[in-house]
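Spelled out from the first residue to the last, the chains are:
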Amino acid sequence: MKAMRDPIVTLLTDFGTKDYYVASMKGVILGINPRCKVVDISHHIHPQDIMAGAFVLANAFSYFPEGTIHLAVVDPGVGGARAPILIVTDHFFFVGPDNGLFSLVLRKEKIRETYVLTEKRFFLPEISQTFHGRDIFAPVAGHLTLGISPKVFGRRIDSLKTLNFPEPIVRGMNLIGEVIHIDSFGNLITNIRREGFSQFIQGRPFLIKAGKGIIKGLKDGYWEGKKNELIALFGSGGCLEIAVREGSAEKELKLRKGDSIRISVKREQ
Amino acid sequence: MKAMRDPIVTLLTDFGTKDYYVASMKGVILGINPRCKVVDISHHIHPQDIMAGAFVLANAFSYFPEGTIHLAVVDPGVGGARAPILIVTDHFFFVGPDNGLFSLVLRKEKIRETYVLTEKRFFLPEISQTFHGRDIFAPVAGHLTLGISPKVFGRRIDSLKTLNFPEPIVRGMNLIGEVIHIDSFGNLITNIRREGFSQFIQGRPFLIKAGKGIIKGLKDGYWEGKKNELIALFGSGGCLEIAVREGSAEKELKLRKGDSIRISVKREQ
Amino acid sequence: MKAMRDPIVTLLTDFGTKDYYVASMKGVILGINPRCKVVDISHHIHPQDIMAGAFVLANAFSYFPEGTIHLAVVDPGVGGARAPILIVTDHFFFVGPDNGLFSLVLRKEKIRETYVLTEKRFFLPEISQTFHGRDIFAPVAGHLTLGISPKVFGRRIDSLKTLNFPEPIVRGMNLIGEVIHIDSFGNLITNIRREGFSQFIQGRPFLIKAGKGIIKGLKDGYWEGKKNELIALFGSGGCLEIAVREGSAEKELKLRKGDSIRISVKREQ
Numbered sequence: 201m202k203a204m205r206d207p208i209v210t211l212l213t214d215f216g217t218k219d220y221y222v223a224s225m226k227g228v229i230l231g232i233n234p235r236c237k238v239v240d241i242s243h244h245i246h247p248q249d250i251m252a253g254a255f256v257l258a259n260a261f262s263y264f265p266e267g268t269i270h271l272a273v274v275d276p277g278v279g280g281a282r283a284p285i286l287i288v289t290d291h292f293f294f295v296g297p298d299n300g301l302f303s304l305v306l307r308k309e310k311i312r313e314t315y316v317l318t319e320k321r322f323f324l325p326e327i328s329q330t331f332h333g334r335d336i337f338a339p340v341a342g343h344l345t346l347g348i349s350p351k352v353f354g355r356r357i358d359s360l361k362t363l364n365f366p367e368p369i370v371r372g373m374n375l376i377g378e379v380i381h382i383d384s385f386g387n388l389i390t391n392i393r394r395e396g397f398s399q400f401i402q403g404r405p406f407l408i409k410a411g412k413g414i415i416k417g418l419k420d421g422y423w424e425g426k427k428n429e430l431i432a433l434f435g436s437g438g439c440l441e442i443a444v445r446e447g448s449a450e451k452e453l454k455l456r457k458g459d460s461i462r463i464s465v466k467r468e469q
Numbered sequence: 201m202k203a204m205r206d207p208i209v210t211l212l213t214d215f216g217t218k219d220y221y222v223a224s225m226k227g228v229i230l231g232i233n234p235r236c237k238v239v240d241i242s243h244h245i246h247p248q249d250i251m252a253g254a255f256v257l258a259n260a261f262s263y264f265p266e267g268t269i270h271l272a273v274v275d276p277g278v279g280g281a282r283a284p285i286l287i288v289t290d291h292f293f294f295v296g297p298d299n300g301l302f303s304l305v306l307r308k309e310k311i312r313e314t315y316v317l318t319e320k321r322f323f324l325p326e327i328s329q330t331f332h333g334r335d336i337f338a339p340v341a342g343h344l345t346l347g348i349s350p351k352v353f354g355r356r357i358d359s360l361k362t363l364n365f366p367e368p369i370v371r372g373m374n375l376i377g378e379v380i381h382i383d384s385f386g387n388l389i390t391n392i393r394r395e396g397f398s399q400f401i402q403g404r405p406f407l408i409k410a411g412k413g414i415i416k417g418l419k420d421g422y423w424e425g426k427k428n429e430l431i432a433l434f435g436s437g438g439c440l441e442i443a444v445r446e447g448s449a450e451k452e453l454k455l456r457k458g459d460s461i462r463i464s465v466k467r468e469q
Numbered sequence: 201m202k203a204m205r206d207p208i209v210t211l212l213t214d215f216g217t218k219d220y221y222v223a224s225m226k227g228v229i230l231g232i233n234p235r236c237k238v239v240d241i242s243h244h245i246h247p248q249d250i251m252a253g254a255f256v257l258a259n260a261f262s263y264f265p266e267g268t269i270h271l272a273v274v275d276p277g278v279g280g281a282r283a284p285i286l287i288v289t290d291h292f293f294f295v296g297p298d299n300g301l302f303s304l305v306l307r308k309e310k311i312r313e314t315y316v317l318t319e320k321r322f323f324l325p326e327i328s329q330t331f332h333g334r335d336i337f338a339p340v341a342g343h344l345t346l347g348i349s350p351k352v353f354g355r356r357i358d359s360l361k362t363l364n365f366p367e368p369i370v371r372g373m374n375l376i377g378e379v380i381h382i383d384s385f386g387n388l389i390t391n392i393r394r395e396g397f398s399q400f401i402q403g404r405p406f407l408i409k410a411g412k413g414i415i416k417g418l419k420d421g422y423w424e425g426k427k428n429e430l431i432a433l434f435g436s437g438g439c440l441e442i443a444v445r446e447g448s449a450e451k452e453l454k455l456r457k458g459d460s461i462r463i464s465v466k467r468e469q
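Residue numbers (my numbering), protein chains in the order written: chain B, 201 to 469; chain Y, 201 to 469; chain V, 201 to 469.
Take the hints with a grain of salt, since some may be wrong.
You can't tell identical chains apart in this list, so a pair holds if it fits in one copy or across any two.
[Unchecked claim] Listed below are the simulated DSS-like cross-link pairs for lysine-lysine, each with C-alpha atoms no more than 27 Å apart in a straight line:
1) Lys409 x Lys320
2) Lys310 x Lys412
3) Lys308 x Lys320
4) Lys427 x Lys361
No lab work stands behind these hints, which were simulated from the structure alone.
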């Protein structure tokens, strides 16, 4: 991949936006290349929740133009043994800690090369042990926007840490998944994807059980529900989602991340 | 209007910033035109509160340079019957759902043309029924920044959905308005505008009643109040506003959106 | 200092992001110079907390490229007696109210010149008494990005308002500081800096008392703590910080801004 003519760096962190953390990363990147664009994906990943970061990143990265540099920092092990890495895929660059944060992205993107970041000339002169986002990852991303070849940033490696994401399981007449994300509308997004769902259902009638809620059938969009109706549908990321039309399924059902969602078909007689 | 040399797209949504929604819209826009600037107006409109979105948009849009494309999505009816539209006014472009979200803007801007977005070649190849912000509105805005003529995006229409915003009413010696917005300082912003107020008052002395608070006269700025004093003044958007100097009128008076604010003049004797 | 080729304006305010305030400032700046970049430092400074604004700004500004214009508005006295100012230092421009907001920055940056903003031709045509961020500071910053000389914006002055930040004190065998910031991880950041700490400790063993917590020794990074361990370390801004590995020291210790933190050495025998 070549450097972009109008380079873009995206940022995903669990830093929030009330502190100086995100701004100092932006300053470092723009100090190296004042012409590049820095775009926020989110800074409101729950602190140190690598899975949540992986989920949001995996649903956003592919919409950016080819060559975009995705910088992601959800990094409870900062300063410790986990390696700082650069991943080059068929369409993008990814910079961040090797702790599984890129696991879900890599189900969609083919890796070309991965590097451990070792070349200190691309870091800030002083490296804290608490803020590699500013001191290592941001300057590496900044230098990448200048078209510097990935291979000069460090040593090539062949394996990456992966996270075990919960997968739905089939148990008798039930497909059991779980809530993996709750969005700001209170929609409960599950790990049940359209393909696995269709394969399990095979055209049979089914019920969806989500806490105290029981839902019959799927909608195509929120608008098909009546106001305050509890509905299920496949959302914009391709996952089964429990929603309340113009309301919050989270509040209605009092469910949380990790709670199970069960799809049941009737035993054929 | 011609395409801007340095095109700007603003975004206003109720999507919050913890999810992938806003970022994927930005990715889509930058994928079509990596040279344009995407500027957030707000993503913290209360979910599905079209009036709140209309209010914030109407107070921000006019400060942007001529030719700016304002993309706004507060869209409880996404995927349903409401049309996706493009409005061209004397100074700006507006892209979003036809559900009244642009009602307040259009009290200030003169419409030149309005189009229903029908041309699928300007949308993403796959269109979800839950996220037209990403799949329809963002790519249309992106293509607009390239200077494509509005008329090729769809079919011209002549009428738009408008929202009924609450208007202040005169009842005897009272002008009764209501709180239409509470800002992050806790200032209570009302629907009473300077002109209507002056016309009603006509130089007579008056009292302002806001919940348990009674305020005599107006201040010119917050600084005229004593610390923690309850005051009334016309704010930066031209509306009557109840405030507490270095405090929160919302907390002090425990008022909410929709609560009434009463201006009373004395009966002349 | 010369105008930047790719000018950058940063924004720090206590305006939050749910209202139209920040967006209208960005619109004004881009209306004057559509080529400049506007970068958020933070808009979530606690309302009217000048010290918090000063702290966040002082930890972020220096990472931006030379010539960056830092616009900061935490301004409880807006419209009143406090002057609107422009400070030119060795590396940056600072625009905002003269209320101490730049006090901490100016411990790190050398002032070249300071001006009171008096030239109305660089303001918006109508100036509210409640929103100088939009009506005075943003247009001044916008004009600065065009390379207009600082001296034409107003009258030179020689002194600035400074805030009294709490400084750690030595009392017998104790160094007593306080919590000056709590970040979004719940880390308690104190006003005890590395130099003052080392000078006090002089290699002696010590205990750190933070509320009900007692900590022995320092860590180099969060990763050195065990999960949920209460630790102390010098953070990325150079201040002593109390943290819980993968948890929140704020919640664990129930401490707040202003609470004292005590470092005790043993009496030598």
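The hints, checked one at a time:
no., hint, in the structure
1, Lys409 x Lys320, "neither (53 Å within a copy, 37 Å between copies)"
2, Lys310 x Lys412, "neither (41 Å within a copy, 51 Å between copies)"
3, Lys308 x Lys320, "between (31 Å within a copy, 26 Å between copies)"
4, Lys427 x Lys361, "between (44 Å within a copy, 20 Å between copies)"
Hints 1 and 2 from the list above are not met by this structure, while the remaining hints are.
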